[in-house]
Amino acid sequence: FSVCEETAAATNRVTVRELSSLRREGGTVRRHGHEIEVSPIQCQAQKLPDLLAALAEAYRKVFEAFLADTTGAEGLRLSPLPVSDRYSGPVRRTQTAQPLWSAVALALAQLSSKHLAMLQELKIEISSKGLAADSLRDVLSAKVSAGSGPVRLDADGRGRIPTRKDGYSWCRRENDSDARLWRLEAFMLTRRATGAGYELGGAKAVQLDSVEKLVAGTKVCGAPASEAAAADDAQPTFDLINAEDLDPAPDGNTVMEVAAFLTSQGCRVAAINAASAYQAGGGASTGGRHALE
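For the sequence shown, counting from 1, position 109 maps to 509 in our numbering; every step adds exactly one.
Source of the hints: derived by calculation from the structure; they are not laboratory data. There could be a bad hint or two in this list.
[To be verified] Lysine-lysine pairs mimicking DSS-like chemistry, simulated, CA-CA at most 25 Å apart:
| hint | residue 1 | residue 2 |
| --- | --- | --- |
| 1 | 461 | 447 |
| 2 | 447 | 565 |
| 3 | 543 | 604 |
| 4 | 619 | 514 |
| 5 | 613 | 514 |
| 6 | 543 | 461 |
| 7 | 543 | 447 |
| 8 | 543 | 529 |
| 9 | 543 | 523 |
| 10 | 461 | 514 |
| 11 | 514 | 543 |
Based on the sequences and whatever the hints tell you, model everything.
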């Protein structure tokens, strides 16, 4: 990512431009060869979390439209994407440096691993001019610096989500803009920690050194067709046992605690977690409240 002046040549770049004729179709993204047309994103609410969510979705759509065909392109050139209110008036603060780069970071978190890998080989340029361009460069530099090392967590908070009147139960129940943003923050901190490690209260950095092995070993498995089962229409049978009915009883009743206990008893164990069939990470990367991930 970089910031360039509006007058800089866009050689071998896919460019993005606002199309006023699409104004009534808020957030529309259309690809025509080496040009992507966008209409202003419409956001009914004016709270910053709502604006960031709407803006992040727009950047994600633009990135996906760009990555759909990168033939002959070395990168993407775009100006800060426009956001309009319910009366089609421009929302200026979404084009300032801090909200813009925060929205871009949220958009990147929602991209697939395949798209992220493609971006590693390409250039993304945000074009602006004068003091606005300088501000964009300064904030980008600060964010790159902050994200280049381990996540720094204070010894008291330890990266926990905040509590409300009902403790932590809001995380699974509430869906207001603040709740979604807090869940997103937790997701992005977790994602950074798994990639770059973390520091707790200024102590030595901890690296999670098995993450790459875990990702590389992830597979999609399907049960092979059984000729014998097909011949006599047999169905597999399972015995379902609650954790509290096991004898001896495990120390805990979470999936991993019971799995570890059964392994210690000599069993071959598979621990299963519900997962999204459509999006890696499910709704976790968009602040969703029902995301088991």
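Evaluated hints:
no. : hint         : result
1   : 461 with 447 : 22 Å, holds
2   : 447 with 565 : 22 Å, holds
3   : 543 with 604 : 22 Å, holds
4   : 619 with 514 : 15 Å, holds
5   : 613 with 514 : 17 Å, holds
6   : 543 with 461 : 22 Å, holds
7   : 543 with 447 : 23 Å, holds
8   : 543 with 529 : 20 Å, holds
9   : 543 with 523 : 17 Å, holds
10  : 461 with 514 : 15 Å, holds
11  : 514 with 543 : 23 Å, holds
In this structure, every one of the numbered hints holds.
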